[in-house]
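Engineer: Chains as they are written, first to last, in my numbering: chain A, 1 to 409; chain B, 1001 to 1295.
These are calculated hints, taken from the structure and not from any lab test. Quick caveat: nothing in here was measured; it's all calculated off a predicted structure. Just so you know, even glycine gets a beta-carbon here, dropped at the ideal spot from N, CA and C. Careful, some of the hints might be misleading.
In silico SDA-like links for lysine to any residue, alpha-carbon gap of 25 Å or less [unchecked claim]:
(1) A/Lys79 with A/Asn238
(2) A/Lys101 with A/Asn220
(3) A/Lys95 with B/Met1005
(4) B/Lys1096 with A/Lys88
(5) A/Lys88 with B/Ser1211
(6) A/Lys158 with B/Arg1292
(7) A/Lys140 with A/Lys253
(8) B/Lys1097 with B/Arg1014
(9) B/Lys1220 with A/Lys174
(10) A/Lys95 with B/Pro1248
(11) B/Lys1235 with B/Lys1096
(12) A/Lys253 with A/Lys174
(13) B/Lys1220 with A/Asn220
(14) B/Lys1235 with A/Ala340
(15) A/Lys211 with A/His188
(16) B/Lys1142 with A/Lys174
(17) A/Lys95 with B/Arg1014
(18) B/Lys1220 with A/Gly282
(19) A/Lys330 with B/Met1008
(20) A/Lys95 with B/Val1022
(21) A/Lys117 with A/Leu201
(22) B/Lys1220 with A/Ala91
(23) A/Lys101 with B/Leu1017
(24) B/Lys1152 with B/Tyr1009
(25) B/Lys1235 with A/Leu266
(26) A/Lys140 with B/Tyr1009
(27) A/Lys101 with B/Met1008
(28) B/Lys1220 with A/Val384
(29) A/Lys95 with B/Lys1235
(30) A/Lys221 with A/Lys253
(31) A/Lys101 with B/Lys1235
Part of the chain A face toward chain B, derived, beta carbon under 8 Å [as the list claims (entries may be wrong)]:
(32) Ala96
(33) Pro98
(34) Met243
(35) Val247
(36) Leu286
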Amino acid sequence: MNEALYVFPGQRGRPSVLFQSRGGLVPCRSREPGLQLTVKSISGCKCNAISSKNGTLMWEPDAFPFVKAKTCTDMSWIKEGELSLLEKISANILKAGPMPKHVAFIMDGNRRFARKKNMERQEGHMQGFNKLAETLRWCKHLNIPEVTVYAFSIENFKRTEDEVDGLMELARQKFERLLEEHENLEKHGVCIRVLGDLNMLPLDLQQLIAKAVFTTRNHNKCFVNVCFAYTSRYEITNAVREMAWGVEQGLIKGSDVSEALLSECLYSNNSPNPDLLIRTSGEVRLSDFLLWQTSHSCLVFQSVLWPEYSFWNLCEAILQYQLNHKSIQKARDLHREHQALQQLEADRACVAELLQHHSNGKPVDSQRRQEALLHYTSCREERVRDFLEALKHKRDSFFSDLCSESLLA
Amino acid sequence: MRTRMALMYSLLWRLLLILVHVNRALFSWLHVRIQSWKGRLWERAATVLLLPISLVGFPDFQNNLNHGPDANVKPITEKRTGGGRSRCLSDGKSLKKIPVHIGLLVAEEEPSYPDIANVVVWCMAVGISYVSVYDNHGVFQKNNSRLLEEIKRQQQDLLGVDGSMHSVEFLSSGSDQHQHNVVSCRPTVRVLSPDDGKQSIVHVAQQLCRSVENKERSFKDINVSMLDLLLRESKNIPDPELVVKFGPVNSTLGFLPWHIRLTEFISLPSHRNISYEDLLGALQRYGACQQRLGQ
């Protein structure tokens, strides 16, 4: 339904294109990047079927049923196609150096792009989505298996009702499209995950998302994480809440809480930390995105607007990553060592307390202390494993329950 | 054939890195020359000449070059500001906005205490009331007495003999400070280390989990504002509006992850031999940032 395109002679000899969306007929200008269409026929139009709105002609859907252009692929999540020769060579040069395994994008600048090109805001967002699909294609060619994007922040709920509804509608269309092309996704092995406080979204959107996540959960060639209704502070708070749930359930103790455990309770626990974070449109802040996970990532701020992002912008960002690779790796290793040391100290303190209880103040020899430490550590690790298993089960059930709900509905 | 191709690409990659480093060296050399020439014409010509060559560039650097010393800032011949406190204050007032808390993130090996002390003193003189200093090795933390000495010395240099009248509150993680929600009237300098970041959040999480263990609360009560409140109770650090990062590493290196959600990041190439103008330039760029806060 969404892909029906209607072409008719527009102003100044350029074909004007409309497509049918859920909200009715929506104008879109031709010659937009990524919009591929084959015009079957352009016939004349009867004046009484057309009304003019802001210089763009629109008409009733039944007026020209046979003037239907080939389905354009601009709504798809997956863009096929090889890189050009120059792009291929540049990609191969970059791949000779260290490559990021997980790249995060803050796709900023859709509205500014729309203003710049005198488009509707909604169109700016759609172009933004197109650019996402293209970026995923480039990442595939650059052997970057995981991408995380910031699609909708909890703060964005503060926008006008129109805009929020428009974005929700866009999300619905995109996830519906995703479900339609599930075979293609299977072929490419794309696993879609959605991170965020999903219960803030309308129920039908939650069900769509759950279906999309559930259907692609076993694909493992490339991973796309979409942050929707997400802020980092909510994510961290949720992780703390999950650990507190674990404590309440008796699965773990309060003393088992550590940096590593908190990381395992975040929405992004199935992914490694991003190696590279890119923000477009020239803003130089993180806006509550993956604050915990990007503490030792390479941050690249680029001034290009997201819908204008190019393969060369991506290469530039990757080059920045490569230039920073050694120093960031060093910092990461230092942090990991420090973390391990802190865990050891914490375990020692717990063991010392336990031994003091049991031995009633009598001194304990170092061998017994060492044995007790090893025993305590393995018990703690087992508790944590069981807890994480329970957490995974809880999360999977959330999605599968939503799926089965939508089937019944 | 395939290994030959791989070797060729590998060599090309190394060549690319060399080109980038040469480009950067050229830029930084030019930057220094421009500062000494002080001619806007030269600045523009150099930028135009080098822009096509710098494919990757050094975007922060280019920004530095383009938003060079403002016409309002009177040219200073000395590196150290010669005008004194009143001049700094007037510069501060002319800025569109000043951060309440500025974070100085030193992402370089072997920090130079006099230079950092300079920056701290300038920040306070311009009117910023909370200045924090961070490095990911915890070096400043370990040597905070040395830093304090340097700051006192630079303060006297800048403000003259009466500098000591404007006392500064110096805090590090070791010192006991139960500030709670009392806002200090004196400017505060705070030394931060990686433990103030993720580890503080973990401590609050442990606190909450223990209270759940003791049946004092349920996990359902835990929300963002509770976490925020508890973090502020243990370490009363306000959210930094601006972080100035010194050094070539493009990362926050573990700096206060919870607090930096809306922080603007401005990079300067190095803190060594930094001039007052460089800092003022960064503050001016901060003044131009517009936050939409989600809207």
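Engineer: If a hint holds in the structure, say so; if it doesn't, say that too.
Structural biologist: Against the structure, the hints come out as follows:
no. : hint                     : in the structure
1   : A/Lys79 with A/Asn238    : 35 Å, violated
2   : A/Lys101 with A/Asn220   : 14 Å, holds
3   : A/Lys95 with B/Met1005   : 12 Å, holds
4   : B/Lys1096 with A/Lys88   : 46 Å, violated
5   : A/Lys88 with B/Ser1211   : 57 Å, violated
6   : A/Lys158 with B/Arg1292  : 10 Å, holds
7   : A/Lys140 with A/Lys253   : 42 Å, violated
8   : B/Lys1097 with B/Arg1014 : 43 Å, violated
9   : B/Lys1220 with A/Lys174  : 33 Å, violated
10  : A/Lys95 with B/Pro1248   : 22 Å, holds
11  : B/Lys1235 with B/Lys1096 : 29 Å, violated
12  : A/Lys253 with A/Lys174   : 42 Å, violated
13  : B/Lys1220 with A/Asn220  : 34 Å, violated
14  : B/Lys1235 with A/Ala340  : 24 Å, holds
15  : A/Lys211 with A/His188   : 18 Å, holds
16  : B/Lys1142 with A/Lys174  : 53 Å, violated
17  : A/Lys95 with B/Arg1014   : 11 Å, holds
18  : B/Lys1220 with A/Gly282  : 39 Å, violated
19  : A/Lys330 with B/Met1008  : 28 Å, violated
20  : A/Lys95 with B/Val1022   : 21 Å, holds
21  : A/Lys117 with A/Leu201   : 30 Å, violated
22  : B/Lys1220 with A/Ala91   : 49 Å, violated
23  : A/Lys101 with B/Leu1017  : 20 Å, holds
24  : B/Lys1152 with B/Tyr1009 : 54 Å, violated
25  : B/Lys1235 with A/Leu266  : 23 Å, holds
26  : A/Lys140 with B/Tyr1009  : 19 Å, holds
27  : A/Lys101 with B/Met1008  : 23 Å, holds
28  : B/Lys1220 with A/Val384  : 21 Å, holds
29  : A/Lys95 with B/Lys1235   : 44 Å, violated
30  : A/Lys221 with A/Lys253   : 37 Å, violated
31  : A/Lys101 with B/Lys1235  : 35 Å, violated
32  : Ala96                    : 4 Å, holds
33  : Pro98                    : 10 Å, violated
34  : Met243                   : 6 Å, holds
35  : Val247                   : 5 Å, holds
36  : Leu286                   : 6 Å, holds
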